[in-house]
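Colleague: Chains as they are written, first to last, in numbering that gives the first Met the number 0: chain A, 0 to 327; chain B, 0 to 357.
It should be emphasised that the hints constitute simulated quantities derived from the structure, not laboratory data. Don't take each hint at face value.
Stretches of chain A that chain B covers, calculated by requiring three or more beta carbons in the stretch to come under 8 Å of a beta carbon on chain B [said to hold, decoys possible]:
(1) 61 to 70
(2) 122 to 133
(3) 250 to 260
(4) 300 to 308
Label pairs and their calculated CB-CB ranges [said to hold, decoys possible]:
(5) Ile-219(B) to Phe-220(A): 32 to 38 Å
(6) Pro-115(A) to Asn-201(B): 26 to 32 Å
(7) Ala-297(A) to Phe-97(B): 48 to 54 Å
(8) Glu-335(B) to Leu-97(A): 55 to 61 Å
(9) Phe-220(A) to Leu-194(B): 51 to 57 Å
(10) Leu-90(A) to Val-38(B): 58 to 64 Å
(11) Asn-155(B) to Pro-292(A): 20 to 26 Å
(12) Gly-295(A) to Ile-172(B): 36 to 42 Å
Partial list, computed: chain A residues near chain B (C-beta under 8 Å) [unchecked claim]:
(13) Ile-106
(14) Gln-113
(15) Ile-117
(16) Ser-139
(17) Gly-295
(18) Pro-315
(19) Glu-325
Using N, Cα and C, we set each Cβ at its ideal position, and we do this for glycine too.
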Amino acid sequence: MPEQLLFAAEVTLNGLMAGVMYSLVALGFVLIFKASGIFNYAQGVMALFAALTLVGIQDGQIPFSHLINTIFGTEMHDFGWHVPAFLAILLALGVMILFAIVVEKFILKHLVNQPPIILFMATIGLAYFMEGFGDLMWGSDIKKLDVGLPQGISGVIDETTFDWFGYGFFIDRLDIAATIVAAILVSVLVLFSQYTKQGRAMRAVADDHQAALSVGISLRFIWVLVWSIAGFVALVAGIMWGTKSGVQFSLSLIALKALPVLMLGGFTSIPGAIVGGLIVGVGEKLFEFAIGPMIGGATENWFAYMLALLFLVFRPQGLFGEKIIERV
Amino acid sequence: MLYREAGDYKTTYTEDSQTFPIKLDRIGYYSVLIIAFLVVPFVINDYWANAVLVPFLIYAIAVLGLNILVGYCGQLSLGTGGFMAVGAYACYKLMTGFPDLNIFFCVILAGFVTAAVGMLFGLPSLRIKGFYLAVATLAAQFFLVWLFNKVPWFYNYSASGQISSPERTLGGIAITGPHTEAWAKYLFCLVFVFLLAWLARNLTRGNLGRSWMAIRDMDIAAEIIGVNPLKAKLTAFGVSSFFIGVAGALFFAVYLGAAEVGEAFGIQKSFLILFMVIIGGLGSIFGSFAGAAFLVLLPVLLKNVLVGGLGWQTDIAAHLEFVIVGGLIITFLILEPHGLAQLWRIIKEKLRLWPFPH
Numbered sequence: 000m001p002e003q004l005l006f007a008a009e010v011t012l013n014g015l016m017a018g019v020m021y022s023l024v025a026l027g028f029v030l031i032f033k034a035s036g037i038f039n040y041a042q043g044v045m046a047l048f049a050a051l052t053l054v055g056i057q058d059g060q061i062p063f064s065h066l067i068n069t070i071f072g073t074e075m076h077d078f079g080w081h082v083p084a085f086l087a088i089l090l091a092l093g094v095m096i097l098f099a100i101v102v103e104k105f106i107l108k109h110l111v112n113q114p115p116i117i118l119f120m121a122t123i124g125l126a127y128f129m130e131g132f133g134d135l136m137w138g139s140d141i142k143k144l145d146v147g148l149p150q151g152i153s154g155v156i157d158e159t160t161f162d163w164f165g166y167g168f169f170i171d172r173l174d175i176a177a178t179i180v181a182a183i184l185v186s187v188l189v190l191f192s193q194y195t196k197q198g199r200a201m202r203a204v205a206d207d208h209q210a211a212l213s214v215g216i217s218l219r220f221i222w223v224l225v226w227s228i229a230g231f232v233a234l235v236a237g238i239m240w241g242t243k244s245g246v247q248f249s250l251s252l253i254a255l256k257a258l259p260v261l262m263l264g265g266f267t268s269i270p271g272a273i274v275g276g277l278i279v280g281v282g283e284k285l286f287e288f289a290i291g292p293m294i295g296g297a298t299e300n301w302f303a304y305m306l307a308l309l310f311l312v313f314r315p316q317g318l319f320g321e322k323i324i325e326r327v
Numbered sequence: 000m001l002y003r004e005a006g007d008y009k010t011t012y013t014e015d016s017q018t019f020p021i022k023l024d025r026i027g028y029y030s031v032l033i034i035a036f037l038v039v040p041f042v043i044n045d046y047w048a049n050a051v052l053v054p055f056l057i058y059a060i061a062v063l064g065l066n067i068l069v070g071y072c073g074q075l076s077l078g079t080g081g082f083m084a085v086g087a088y089a090c091y092k093l094m095t096g097f098p099d100l101n102i103f104f105c106v107i108l109a110g111f112v113t114a115a116v117g118m119l120f121g122l123p124s125l126r127i128k129g130f131y132l133a134v135a136t137l138a139a140q141f142f143l144v145w146l147f148n149k150v151p152w153f154y155n156y157s158a159s160g161q162i163s164s165p166e167r168t169l170g171g172i173a174i175t176g177p178h179t180e181a182w183a184k185y186l187f188c189l190v191f192v193f194l195l196a197w198l199a200r201n202l203t204r205g206n207l208g209r210s211w212m213a214i215r216d217m218d219i220a221a222e223i224i225g226v227n228p229l230k231a232k233l234t235a236f237g238v239s240s241f242f243i244g245v246a247g248a249l250f251f252a253v254y255l256g257a258a259e260v261g262e263a264f265g266i267q268k269s270f271l272i273l274f275m276v277i278i279g280g281l282g283s284i285f286g287s288f289a290g291a292a293f294l295v296l297l298p299v300l301l302k303n304v305l306v307g308g309l310g311w312q313t314d315i316a317a318h319l320e321f322v323i324v325g326g327l328i329i330t331f332l333i334l335e336p337h338g339l340a341q342l343w344r345i346i347k348e349k350l351r352l353w354p355f356p357h
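With the hints as constraints, model all of the structure from the sequences given.
Modeller: This is how it looks when you write it as structure tokens:
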């Protein structure tokens, strides 16, 4: 096989893996949008916050230590213990569920029946709030997250491809782990929404708020549930991205990367989020590989948005979105 | 007792349809103008100009522009930062390319360039609606910032990749560059604010503004009664981008003096201006000013209280600022989704009825 083609194949594979990471973030958006019609801008910050909390719990950091030290002039930083990864993840999940309850109680409850743009703005406000809150709580330095996921080049794939083509593919083992985790996550979500009582209630709400209310489904409970699940998805995404590039502020910007993924796939479709993520991941890597060097590189910053923009002109509801029917 | 329309008889249609139908409002408006033009320039100092007044005026222009698009025409846009960058770079190229051109016209022309770019990116709005459009405008934001970073022609091949405004004068008085006096900056921006606010007010209550509002309220119905959606949406994008471009040009040339595109005109700026629109009130000229004033003053106030007053470290204060701004936005949306402008309207309504409750 010619060398260029091999490179392109490697880039495509890496793009697919990156796409899975985007899909993970996009999933959280879709879940909330389907269940409550809210476009949750805070999803990326939720991932950041979840990852921060996880690291904080693992290292036994004292929350708000920086703030407390400043106000009371004390000198304290951590409890001096290390929590095992599994327990820490469970605790972080607990924090995210608590967060979902707080959001429902203090924000969503009061904003029922407002136009979508107001709800969207509220989630941007929420994103600002959590960004500052997370930094106040755990400090703003870059942290290393390690929950025991494999990292580094995958030796098996490197050797196998070398035997086949005479050129070893570079694939990060973390990306493979992310793919597996994403597959499990999606299967669990699908099973949950198809076969459990709460899952069905969730789909009913997604279909029609008023009809769901009239058959006795508690909207408020479903919202807490959905935000908790979105918090869980954010935690998973936060773990993956945090392991990959460290837990830092830029983690919250992956939310912006998830937006074109959503547009491609359609806001209301879980398979759409996955397929959209893969298209964006492969597309931007291949574009950077093929065209990037000619026009100065760093095309990854905007390629996904342009792709989504052009795509939407021809199909305004995305790949899998519900057909938009407008009536007067 | 004073705030009544009773006794203020109108004898012509022009009088009847004026912007401020109540006499006290008119007096208030003219006295604000007199203070802004004739008093403030004499008492202003560097700190007030740079920290509060000049940013407030410039943001007010940008917020007016975005309010036309989002508040009056209902097209959600997250590309404001990118369009401001277009204004800034257009102004820079005009200033360096034509050194004899008056700075006033540089800024105006930069606005027209931005209007053209804005209309180009507004084209998809004919097909794409709502949140999809908001995300589509992100394409403009990221693409434009990338473009100004990567193509050296835009920053005249300078080594740092920054643009810095050369000194330009207006009637012998420096407007841009390091030797500018605070009052000159202030007055130059104020003239633009005055002209553009007047333009915005009159556009929005005329034929064009009504067609925008029809599109906002329900686009299909508007189309059926004969509003041309192509014309309405593209003019909204054009006018809005013109305002934003002028704001970007002033922001770079007068306020910052030197700018790096990713830092000065990044996505954060888009959100900041959208916040100003929402907090001020969608579809309100007064709200645009109120929102800009609120979000310019708040960080200054917080910084003075926390860092200056309590002696906290700046990074904690910065984090707390995020928390407070975020919390305030949510509180505002819950208590009064129509922003400061609606509060103002309620107060005025109460005043008119006072001392009676109904």
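Colleague: All hints, please: hold or fail.
Modeller: Status of the hints after comparison with the structure:
For the segment 61 to 70 of chain A, the assignment as covered by chain B holds, since 3 residues bring a beta-carbon within under 8 Å of that chain's beta-carbons and 3 suffice. Residues of the segment 122 to 133 of chain A lying with their CB closer than 8 Å to a CB of chain B number 10, which satisfies the three-residue condition for coverage. Under the rule that three or more residues need a Cβ within less than 8 Å of chain B, the assignment of the segment 250 to 260 of chain A holds, with 3 such residues. Counting residues of the segment 300 to 308 of chain A whose beta-carbon sits less than 8 Å from any beta-carbon of chain B gives 6, enough to reach three: the coverage restraint holds.
Between Ile-219(B) and Phe-220(A) the C-beta distance comes to about 36 Å, which sits within the given range of 32 to 38 Å. Separation of Pro-115(A) from Asn-201(B) is about 31 Å and conforms to the stated range, judged on CB atoms against 26 to 32 Å. For the pair Ala-297(A) and Phe-97(B), the supplied restraint of 48 to 54 Å is violated, since their beta-carbon distance comes to about 31 Å. Look at Glu-335(B) against Leu-97(A): about 28 Å separates their beta carbons, and that is not inside 55 to 61 Å.
In this structure the hint that Phe-220(A) and Leu-194(B) lie 51 to 57 Å apart at CB holds, the actual value being about 54 Å. A hinted range of 58 to 64 Å holds for the C-beta pair Leu-90(A) and Val-38(B), which are about 60 Å apart. Taking the beta carbon of each, Asn-155(B) and Pro-292(A) are about 24 Å apart, inside 20 to 26 Å as hinted. Between Gly-295(A) and Ile-172(B) the C-beta distance comes to about 40 Å, which sits within the given range of 36 to 42 Å.
Given hint, Ile-106(A) at the interface with chain B, holds; its Cβ is 6 Å from that chain's nearest Cβ, closer than 8 Å. Because the beta carbon of Gln-113(A) sits about 6 Å from the nearest beta carbon in chain B, less than 8 Å, this interface hint is met. The interface hint given for Ile-117(A) is met, as the beta carbon of that residue sits about 5 Å from the closest beta carbon of chain B, less than 8 Å. At its closest, the beta carbon of Ser-139(A) sits 7 Å from a beta carbon of chain B; the interface hint therefore holds under the 8 Å criterion.
At a threshold of 8 Å, the smallest CB-CB gap from Gly-295(A) to chain B is about 4 Å, leaving the interface hint in force. The restraint placing Pro-315(A) at the interface with chain B holds, with a minimum CB-CB distance near 5 Å, inside the 8 Å limit. Of the supplied interface hints, the one on Glu-325(A) holds, with its beta-carbon coming within about 6 Å of a beta-carbon of chain B, less than 8 Å.
Checked against the numbered hints given earlier, this structure breaks hints 7 and 8; the rest are met.
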